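**Q** From first to last, the protein sequence lines are chains G and E.
Just so we're aligned: the first sequence equals residues 1 to 439 in my numbering.
Just so we're aligned: the second sequence equals residues 1 to 293 in my numbering.
Hints in this document: simulated from the structure, not taken from any laboratory.
The model shown is predicted, which means the values in this text are computed figures rather than measured ones.
Glycine is no exception: its CB is placed at the ideal position from the N, C-alpha and C atoms.
Just to be clear, a hint being listed does not mean it is correct.
[Stated by the list, open to error] One-sided excerpt, in silico: chain G residues whose CB lies under 10 Å from chain E:
no., residue
1, Ala46
2, Gln105
3, Asp153
4, Ser189
5, Asp201
6, Ser236
7, Phe238
8, Arg239
9, Thr240
10, Val241
11, Asn247
12, Asn260
13, Glu261
[As the list claims (entries may be wrong)] Straight-line alpha carbon distances no greater than 25 Å define the calculated DMTMM-like cross-link-like pairs of lysine to aspartate or glutamate that follow:
no., chain 1, residue 1, chain 2, residue 2
14, G, Lys97, G, Asp129
15, G, Lys151, G, Glu367
16, G, Lys382, G, Asp289
17, G, Lys232, E, Glu121
18, G, Lys184, G, Asp153
19, G, Lys435, E, Asp6
20, G, Lys232, E, Asp269
21, G, Lys422, G, Asp129
22, G, Lys232, G, Asp289
23, G, Lys435, E, Glu130
24, G, Lys396, G, Asp106
25, G, Lys331, G, Glu82
26, G, Lys330, E, Glu121
27, G, Lys101, G, Glu82
28, G, Lys331, E, Glu121
29, E, Lys96, E, Glu190
30, G, Lys411, E, Glu121
31, G, Lys411, E, Glu130
32, G, Lys214, G, Glu439
33, G, Lys35, G, Glu63
34, G, Lys206, E, Asp269
35, G, Lys206, G, Asp391
36, G, Lys330, G, Glu412
37, G, Lys382, G, Glu367
38, G, Lys424, G, Glu408
39, G, Lys411, G, Asp289
40, G, Lys411, G, Asp432
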Amino acid sequence: MKRVFVILAVLFIGLVLFAGCTENQAAVGSPQKLKIGVVASMTGPASTTGKDVWQSAVLAADEINAAGGVYVKELGKNVTIELVQGDDESTREGGQKAVSKLITQDNVDLLVGGFSSAVVSAHESTVADYSVPYIVSGASSPIITHRTDVKTDTVFHHAPTTDDSGGQTTLFIDDTIRPAINAKFGFPSDRPLRLSVIYQDSPYGKGQLDAIKKTIAASNLNINVISEDAFKMGESDFRTVLTSVKNADPDVVYVAAFLNEQTALVTQARRDVGLDKIFIAVECNDDPDYYSGIGRYGEYSIIQSRFSPYAVPSGPIEQSVNKFMSDFDKKWGGFPGMMGAATYEAVYIGANAVEDAGSLNKTRVNEAIGGTTMPQMVEAMKNETISFTPDFRESKFDLYMEQLIWNETAKETRPVIVWPAKLKETDFVIPDWFKPGQE
Amino acid sequence: MTGGLDIVLQVGIWGLYAGCIYILLAIGLNLIFGVMKVVNFAHGEFLMLGAYVTFTFYAISGFNPYVLLVASVPILILIGVTIERLCFRPILGTGKLNEIFISIGLIYLIQNAAAVIWTDEYRIIHSPFESITISVFGVNLPLDYLIIIITTILILIGLYLFLRKTRLGKAMRATSQNRKGAMLMGINVEKMDMISFGIGAGLAGAAGTLWVVSGQVFTPYMGSIPAVKAFAIIIIGGLGSIPGAIVGGIILGLAENFAIFTIGGAWKDAISFLILIVVLIFKPTGLFGESAE
Chain G
1 MKRVFVILAV LFIGLVLFAG CTENQAAVGS PQKLKIGVVA SMTGPASTTG
51 KDVWQSAVLA ADEINAAGGV YVKELGKNVT IELVQGDDES TREGGQKAVS
101 KLITQDNVDL LVGGFSSAVV SAHESTVADY SVPYIVSGAS SPIITHRTDV
151 KTDTVFHHAP TTDDSGGQTT LFIDDTIRPA INAKFGFPSD RPLRLSVIYQ
201 DSPYGKGQLD AIKKTIAASN LNINVISEDA FKMGESDFRT VLTSVKNADP
251 DVVYVAAFLN EQTALVTQAR RDVGLDKIFI AVECNDDPDY YSGIGRYGEY
301 SIIQSRFSPY AVPSGPIEQS VNKFMSDFDK KWGGFPGMMG AATYEAVYIG
351 ANAVEDAGSL NKTRVNEAIG GTTMPQMVEA MKNETISFTP DFRESKFDLY
401 MEQLIWNETA KETRPVIVWP AKLKETDFVI PDWFKPGQE
Chain E
1 MTGGLDIVLQ VGIWGLYAGC IYILLAIGLN LIFGVMKVVN FAHGEFLMLG
51 AYVTFTFYAI SGFNPYVLLV ASVPILILIG VTIERLCFRP ILGTGKLNEI
101 FISIGLIYLI QNAAAVIWTD EYRIIHSPFE SITISVFGVN LPLDYLIIII
151 TTILILIGLY LFLRKTRLGK AMRATSQNRK GAMLMGINVE KMDMISFGIG
201 AGLAGAAGTL WVVSGQVFTP YMGSIPAVKA FAIIIIGGLG SIPGAIVGGI
251 ILGLAENFAI FTIGGAWKDA ISFLILIVVL IFKPTGLFGE SAE
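Please build the complete structure, drawing on both the sequences and the hints.
**A** Here's what the structure looks like:
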C-alpha cells in the first residue's frame, strides 16, 4: 500500500510538474503579442526626431490595441502590439548595438524607424542575417534598398527617397519658378534658370544633388546648375560658401541641409551675405522650429513637404492628418514631424501585414508587407495608396511645395501650398527684393 | 558683387571672424596648458556653456546679447574654477592618461547636463544689430562682425595688460615659465592653476557669447569641433605661446574660409590639419615655440 502511495505521489508530482512545464512552454511557444522594435535616436544630436519617431509609434500601437489588437489567424485570436525601443544613440555603432539587441534578445517580430541613411546602412547586415522585416520610415537615401553588398530583401522604404524629393522639386522649379522669373523680368521664355546647389557632404546631400542632375537630364529641363558647394554635416558657418554662391549669381539656391543647418544658412545668406534669391529647403525642415528660428529671413522661400505643421492639403487625407496631429498633441504635446508621421503609418503597415499573413512567421510577414495595398493615411501617397514597388520596395509619396509668407499674427512665416496644381492654395510669388541672376 | 578684390575682402572678413572665436578658445587652452601643463579636451564645452548662458540670460532679460558678456564670462570663470578644484587638482601630476580620461569624461558629462537643462534642440538668437550693415572698402558687412572683431581685440588687450602689468599676471607667467622656481619665490602655484583654468574657461565663455550673437546655431554637442581646431592652433602657434595662438587662430580662420571658397566646403576641416602637418614638419615647436614665451 505504502509502495502504491509512493508511486501515485510520484506520478502526481510528475504530472503537476509536467503540466507546469507544458503550460510554461506554451507561454513561450505561443506568443501573445506582436513585438515591434522601434529603431529611434532617443539620445544624441538626432534625439528630437527620435522622440517623434518613438512617440508616434506608441500612438499607433495604442490605437491598434484599443481597437482590439491584431488578428493572427494561425493563433486564432487577436494579439496586442508591444513596442520595444532601440536607441541608436544617433550613431552607426549605437544603431548596430540597438538592432542586434532588438533581434537577438528582445526577439522582435519586425522593425520600424531608422533615422539616418548612414545609421541604417550600418545595421542592415544584422537585419539581413536574421531576415527580420524592417519598415524604414526615416532614412531617405535610396541606397538602403538599392545596395547589393548586403541582402536587403526584408527592408521596406516608407519615406521619400532623395531621388523622389530631389526629382519632384526640380520639376517644380522648371514648371513654376522658371516661367515666373522670365515673365516678371521680361526675359525670353526659353531663358534657362540659373540654379546653385548647396548640399550636405553626406549620402543624403549627394543623393539630392544627383537627383537634381538626373531629373534635368532625363526630362531635358531648361535649368543650368551653375554652382555646386558641399559643406560638412553639422556646419554652422556658411558665410564663405554663400559668398561663393553670390559670386556665381544664381536665380534659385537649392539647399540640401538638415534643420539646424538650414536655419543658419538662410539667415546668414539673407542677413550677412545679402543673397536676395529664392531659397529651396528640403522636406525635413518643415517643422515648427524652422519657422520660429528663421523669422523674416525665410519669407518667400520654398519648402518641399509631405507633412507640415501649418499647411494641411485639402482633400482625402485632411481629416486624418488633423486627427493625428491633434491626438499626438494631446498625448505628447507638440508636432510629430514627418518622420513621426511615417513611423505612425509604418506600425499600421506592420500590423496590417501580420493580419494579411495570418502569422507571425517572419518570411510570411515579409511577403505580406511586399504585397501591401492600404489606403493612404496621414501622408499623401501616389494613387492614394500605400504600397511598395516590386523592385526596390519603396513606397511613393505625393510631395507638395510650400511658399513661406509672413504672418503678422504669428510673427512668423507660414506656408501656403503652391504646387502641384491639384493641391495648390495660391500662386507662387516672386518677391520685390528678388534679383535674378546674370550671366 | 562682381568678383575680384571685394570677394577676397569679404571672405577675409569671414575668416577673421572665425579666427576671433578660435583665438579666444586657443588662448584659454594655452593659458591652462602653460600654467598647469594639463590638456583639457573638454575646453569646447566651455564655449557651448558660454553660448547657453548667453541664450538663457537673453531669454530672461531681453538684454543686448553683447552686454551678456558680463554674465557669461564670470559664470564660466566660476565653472572653470570649480572643475579645476574638483576634477583636475586631485589628479595633477598622476600621469597624462588620467588627465585625458578626466577631460573626455567631462565632455560627456557637460554635454548630457546641457541636454537635460536646455534640451538638445538647436537654438538660435538674433542680434539687435542684425539689420545694420556698414561699408568697408566698398563691401557691405553686417555691423555685428565689426563688433565681434573689436570685442575680441579689446579682450586680448585686457588679457595682455593683466598678464604683463599686474602682480597676479606676472605670477601666472612665472608659474608658466618655471613652476618650481615660482614656488621657491613664494608664489602659490595651486592658486595660479585655479586662476588660469578660470580665465581659460572665461575666454571660452566669451567666445560662446560671440558665437551666439553672430547668428550661428548652437546645441549641446557643438563644442567638440571648435575645441579640436583650438588644439591645432596651439600646436601651430607653439604650445604655451599666446602670440602663437593669436597668429595661429588668424591663419586657421583665413585658411579655412579661403579653402571653402576655392576648393569647397568639404575641405574646411582638412585644411586645418594640412597646415598643422606642414608646420610640424618645418618647425616642430610651432611658429612661436616655447622659447618665445
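**Q** Which hint numbers doesn't this structure obey?
**A** The structure breaks hints 2, 3, 4, 16, 18, 21, 24; every other hint is satisfied.
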